[in-house]
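**Q** The task is simple: from the sequences and hints, build the whole structure.
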Amino acid sequence: MLRREQNELITRTGPGTQMGDLFRCYWLPILLSEELPFDGCPPVRVKVLSERLIAVRDSEGRLGLIDEFCAHRGVSLWFGRNEDGGLRCPYHGWKFGVDGACQEIPSEPEESGMCQKIRLKSYPLIERGGAFWTYLGKPEFQPELPEWEFATVPAEQSFISKRFQDCNWLQALEGGIDSSHVSWLHRGNLASDPLFKGAGGNKYNLGDMKPVFEVVENEGGLLIGARRNAEEGKYYWRITPWIMPCFTMVPPRGDHPVHGHFWVPVDDENCTAWSFDYHPVRALRQEERQAMIDGFGIHVQYTPGTYRPLANKDNDYLMDREAQRRGDTYSGVAGIAMQDASLQESMGPIVDRTMENLVSTDNGIIMARQRLLRAAKALAEKGIRPPGVNVAHQKIRSAAVVLPPDQAFKDAAAEALKVRPGVRQTSV
Amino acid sequence: MALSQSTRATSAYEASFRSRYAQSTGRWASLMALDPASEIVVARAVAGLPERRRAVALSYDAADETWIAQLRARAQALLDDAACADLVVMIATAGADAQAGALFGEACRVRGVPVTALVIAALDTPDADLSRTLAPLRPIASMLVVAQGADYVDDMLHALRA
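Same order as they appear, the protein sequences are chains A and B.
Taking this note's numbering, the leading residue of the first sequence gets 39, the next gets one more, and so forth.
Taking this note's numbering, the leading residue of the second sequence gets 351, the next gets one more, and so forth.
Mixed in with the good hints, there may be bad ones.
Chain A residues, not near chain B, derived (Cβ > 10 Å throughout) [unchecked claim]:
(1) S97
(2) H110
(3) D122
(4) Q141
(5) I143
(6) S160
(7) G168
(8) S221
(9) P232
(10) E307
(11) L396
(12) I422
(13) P443
Now the in silico label distances, taken between C-beta atoms and shown as ranges [unchecked claim]:
(14) A430(A) / A472(B): 15 to 25 Å
(15) Q154(A) / A359(B): 21 to 31 Å
(16) R370(B) / R323(A): 44 to 54 Å
(17) G52(A) / P476(B): 38 to 48 Å
(18) A387(B) / Q328(A): 30 to 40 Å
(19) E453(A) / D479(B): 17 to 27 Å
(20) V460(B) / R323(A): 48 to 58 Å
(21) R404(B) / A430(A): 38 to 48 Å
These are computed hints drawn from the structure, not numbers from a lab.
Cβ atoms here follow ideal geometry from the backbone N, Cα and C, with glycine treated the same way.
**A** Here you go:
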């Protein structure tokens, strides 16, 4: 459980909040590459960390993220015309560059200087790994560009998707940290999902329903090791890294692509779940990529024309009680991503953590919260940059290994947890 | 179109109707230091909420070769001390010899009292030191935590309602 004031602090990420300041230390993914597909394409509305913005790729290919609303009388620039190196408001023709600078106020004489006095708030926007990323913090503290492995391998080796989730970011993140739910909620999918089935490690997941956890703090966040019994007294370890503030990776299964998430706040009651799959050493097979497009693994099927899942709260997540009864799915909801999202949304927009009854297997969650609160406080009171900003912290992998009982996963799998170019993931 | 059950139920407005009646009682935790440095951590944690936490003194001298025999002799009393707890939390500094904890933890397991072991290790703690402490605790702990600071103890206990 958290105290009420702690829950407020950790879940609120708007401008001027402590957790918002923390999030503003990082590059965050906000749009897929397909959303700004060509120079001069239509602008896209973005809400991130409770700020309404508009992403622009101008006619010269320059990228920018600016205040959504025209400085004149507050019209949404989503209606704007993307023309000749700027975005023009259709109401009275004011024109803005991707840096937010006002380029033209047609009604005013040029010599008035009015135009030079107007500038919309703007943030950098870069493209990397199939997504556009922004940094909403102070320019003088802008970190190096993100170096997550999935975003740096050749494009044919990776796949990325996003979906909107109707709850606070922390509820979604905590699902990514808590691997103890996999043996329950997702058990039906281990044998049937084309991106999971067939891995040697699956039998350990299904054979030992009482995993034991070890949680270790590391430089960028946490390593969460879930231990299950294997043959000859050995242990099967699934190791999940969490890098602050909102990056998690799922331990791999066999030679299937490796996957993970970012959980990015849209506002305090909504987030975007980013889901990526990649293989460190080979191109994704056509059938793997198709399965991802079709919503298998950690991806979803969309409501056409949107990034909203096809199964969503408005249709009760297409609940199938017969499939639940048969055991095809444990909760009655199809698909790993929506099994998670449906339960996390059912908690309400911001779950009341004063009501929780955590148990020892929740220690990963407890420690992640503590680290977030500690880092937000250190940033607010002493200006200390938080873990995870350093790109060295981003060069991490998840792993699945079988180890003798006397070996600490942190040491025995140390190499497996590092990004090693040209070396495949460590998996069972 | 009528709203689905889920759409209605997941609104902030509906969340405000969640039952506020207490659905659990507080938990008792027995805290056990496995080395002298951790005794201070335990004492501080107990002082923070004495009505829910209490220290169980292992007080052994590893230099004395008879300590295992002594511990066995005191096992019943120690177990009685811990038996009323909902949770036993063992605290050790990385590098400490945790064999006594392992012995006691085995007895806790037989009694059905869950054990959480928390090892405090600085980021630059040698791997060998950490492994030496973790290895004997691994078989008996339902949760092993390696934290960088002692302040995690109080946060963890509070989160567990202990």
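**Q** What are the numbers of the hints the structure violates, in ascending order?
**A** Numbers 10, 11, 13, 15, 18, in rising order.
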